[in-house]
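Undergrad: Sequence lines, in order, name chains Z and C.
Residue numbers for the first sequence, in my numbering: 25 to 473.
Residue numbers for the second sequence, in my numbering: 25 to 473.
One copy or two, either will do: identical chains are not told apart, so a pair holds if it fits within one copy or between any two.
Straight-line alpha carbon distances no greater than 30 Å define the calculated BS3-like cross-link-like pairs of lysine-lysine that follow:
| no. | residue 1 | residue 2 |
| --- | --- | --- |
| 1 | K418 | K306 |
| 2 | K28 | K119 |
| 3 | K269 | K28 |
| 4 | K323 | K306 |
| 5 | K28 | K146 |
| 6 | K306 | K119 |
| 7 | K28 | K302 |
| 8 | K146 | K119 |
| 9 | K306 | K427 |
Please keep in mind that the hints were generated in silico from the structure rather than gathered at the bench.
Below, each chain spelled out in residue letters.
There are 2 protein chains.
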Amino acid sequence: MQTKILLPEAQMPSHWYNVVADMPTPPDPYLGPDGRPVPPEAMAAIFPMSLIEQEVSAERWIAIPEEVREVLRLWRPSPLFRAHRLEAALDTPAKIYYKNEAVSPAGSHKPNTAVAQAWFNKQAGIKRLTTETGAGQWGCSLALAGQMFGLEVRVYMVKVSYEQKPYRRSLMQTWGAEVFPSPTDMTGAGRKILAAHPDSPGSLGIAISEAVEEAAGRQDTNYALGSVLNHVLLHQTIIGEEAKKQLALVGDYPDMVFAPCGGGSNFGGIAFPFFADKAAGKQVRLVAVEPSSCPTLTKGVYAYDWGDAVGLTPLMHMYTLGHDFMPPGIHAGGLRYHGDSALVSKLYNDGLIEAMAVPQLETFEAGVLFARSEGILPAPESCHAIAATVREAKQCARTGEPKTLLFNLSGHGHFDMTSYDRYLSGELEDFEYPEAAIRESLQHLPKVG
Amino acid sequence: MQTKILLPEAQMPSHWYNVVADMPTPPDPYLGPDGRPVPPEAMAAIFPMSLIEQEVSAERWIAIPEEVREVLRLWRPSPLFRAHRLEAALDTPAKIYYKNEAVSPAGSHKPNTAVAQAWFNKQAGIKRLTTETGAGQWGCSLALAGQMFGLEVRVYMVKVSYEQKPYRRSLMQTWGAEVFPSPTDMTGAGRKILAAHPDSPGSLGIAISEAVEEAAGRQDTNYALGSVLNHVLLHQTIIGEEAKKQLALVGDYPDMVFAPCGGGSNFGGIAFPFFADKAAGKQVRLVAVEPSSCPTLTKGVYAYDWGDAVGLTPLMHMYTLGHDFMPPGIHAGGLRYHGDSALVSKLYNDGLIEAMAVPQLETFEAGVLFARSEGILPAPESCHAIAATVREAKQCARTGEPKTLLFNLSGHGHFDMTSYDRYLSGELEDFEYPEAAIRESLQHLPKVG
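Let's have the full structure, built from the sequences with the hints guiding it.
TA: Okay, here's the thing in structure tokens:
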């Protein structure tokens with residue numbers, strides 16, 4: 025029985041897929057403080073024009089530069105796995121496939137965009153990049169990418185993750201990056217948070233504020249974001265493109281596609297290329313899976329809000345829990361984000377994709393089942409997609425439906441062993457749904473227009 | 025430029041290669057306390073007969089059972105990489121290839137034999153396996169393998185590694201194994217060591233003694249060794265067999281093959297299939313790379329000695345530093361072993377393979393260079409092979425020789441970040457060559473005959 029479906033390097037996609045080209049109505053523009061659309065040039069203080077053009081492009085296909093492809097070949101095309109042993113463990117008639125993005129040197133899908141962003145910045149003459157990181161997967165990815173092209177990288181790491189995952193910091197440093205626990209006293213945004221909450225565990229929103237502030241203030245420095253923005257999701261579509269080619273090699277096509285959803289790049293990366301088929305009339309369900317304690321799509325509102333915690337970014341029309349919502353300290357640090365990609369939000373609001381929320385314990389239960397059947401230890405973020413897939417596969421076992429399920433194994437959990445320790449020792453708990461905190465933060469949404 | 029040379033699953037080797045068939049003179053037998061060859065049946069207290077038969081076989085090819093191949097397909101064939109970026113960083117005319125064994129779920133080459141051993145034990149009706157582990161890579165591999173076939177696994181982990189690498193313990197537990205820091209007070213061997221050295225940091229030799237003692241005392245329990253023995257090296261030859269096929273795909277063949285050498289399975293795994301060609305007259309140099317602070321081949325003696333620390337195993341004719349030699353606490357825990365495989369020792373003594381020793385700092389320097397050029401963070405053990413390859417590639421840069429070099433990237437360093445931390449912060453030091461300790465322990469070699 026074939027386990028891995030491999031794509032030769034020569035068949036690695038040459039273009040990224042831009043979902044905007046197939047959306048029934050275009051996404052709403054980013055707005056400035058005055059409520060008017062932000063002109064592309066306004067983002068030039070922190071992004072190179074090449075990425076800004078991708079951010080607003082409506083072209084269906086955008087070429088991947090050969091220099092980027094050369095670095096991606098260090099791990100791409102990534103293998104697609106048929107999860108024979110997980111299927112057997114679940115005694116399900118469903119066929120389960122997973123795309124293994126854990127094979128990148130940084131251990132997740134994040135380098136797909138980090139490498140592209142580093143290259144476009146280098147082309148624009150930039151010498152330094154700043155960024156934020158939650159679980160550390162994005163920071164590692166940018167550290168790796170910066171190293172590949174000779175750019176300096178500074179990472180603001182969410183403090184709770186910095187403490188939970190010290191080895192992610194070491195990994196970033198091995199790849200030559202500087203790493204600081206956020207909030208820091210090095211930026212105005214950090215100092216403001218520390219003044220109000222000296223013991224703040226940090227959040228992605230706060231760390232973004234710090235990194236953006238520094239990049240905006242230095243000519244030689246730009247900012248790189250690991251998710252949310254259109255060009256980031258664009259760079260991740262290589263995942264879904266490859267998966268489609270690999271499934272075609274074995275004559276298969278998914279009924280449902282599952283991916284974790286924090287900022288949206290994990291989900292967009294694998295799901296958007298399948299959306300192209302859906303837009304052309306094909307039956308396929310695309311499911312974004314989020315933590316029940318940070319339920320942006322399933323419990324948030326569709327409104328204009330800032331991407332960061334203190335209002336430095338443009339306003340984005342997205343599902344949000346409020347920019348000052350502080351998610352509980354779940355172990356899937358990469359999913360602790362108050363908002364969501366504007367593209368994912370728009371598709372969800374238009375009823376073209378689905379979303380579901382899964383509690384923390386269920387995700388680790390699914391992750392351990394996966395590790396014990398398929399071998400690979402999944403990242404806590406990836407466990408969300410596994411949990412959703414397991415739910416569906418169990419449903420298939422009850423109904424007898426032989427559905428074809430695909431999920432994105434977005435990363436490995438080698439740097440998340442404290443989380444597994446806590447789960448295995450029974451110390452891990454589900455958080456209550458933070459209804460009051462969400463109600464409170466939603467009252468602080470910006471007034472628009 | 026092609027980076028990864030992939031082999032389809034259908035071309036995964038169907039047989040292991042037994043180097044004994046091509047050795048000019050056969051290896052010397054294992055001896056009992058009476059100085060006479062140990063009959064195969066004498067090992068039946070801790071090993072199944074199928075593995076004992078492999079241990080003494082002289083057949084060139086031994087079939088890999090389909091059940092074993094099915095599990096190996098979770099990560100095999102492993103990719104062969106052309107290290108374009110490392111070559112560029114070294115400005116060398118040498119062509120550098122590496123076989124990436126870090127892609128296994130346990131992160132090293134060790135599951136190749138763990139899976140085979142677990143399966144043959146299960147076939148023999150065994151319910152539990154005991155073993156030792158140094159850096160934790162072997163213990164993880166057996167935990168994974170046991171889980172794949174429903175066997176219980178108990179791991180005695182060298183105490184200094186248990187403390188340096190707590191997350192390896194968590195990983196073993198995630199795969200369902202029990203883990204204890206060795207020496208423990210659970211075995212006679214452990215209690216004996218603790219009585220003499222209450223603060224003993226442990227060693228592979230001590231941990232082996234504990235695991236063997238437990239297995240010998242229980243009917244339902246066998247012992248599994250991660251290196252040294254003939255059948256273990258046999259199971260690893262799939263590495264070199266695949267590498268040969270992959271190099272043939274790009275029309276290449278190595279001038280030199282490098283691998284880390286502790287107990288010998290890493291080296292034997294990649295090198296033995298090339299030895300088959302060498303025995304047939306082909307020019308190829310096979311180089312075992314060891315730590316200068318545990319220089320078994322380069323500074324030890326070729327003599328009969330015990331494989332463990334207290335004399336529970338048969339006597340093996342091998343290079344040894346003395347069974348009670350306590351190696352300095354280097355970070356490549358998997359290479360802290362006083363002896364070496366009898367097969368590797370015999371070939372080295374016959375002048376058919378080479379050996380070199382590398383100091384700790386040089387190995388980490390090479391590892392960081394590798395991580396910053398090729399992306400992948402190597403295990404400290406693997407850094408030994410990288411360091412040796414880098415030395416040779418630099419020599420090629422001086423002489424202009426375009427040699428083809430191949431090394432075994434035996435594992436990743438995701439669970440070795442404290443070691444990288446210490447290296448990057450300048451806290452890591454080279455150990456002095458432990459001449460006095462070796463001279464002392466060599467006086468305790470057993471008298472034979």
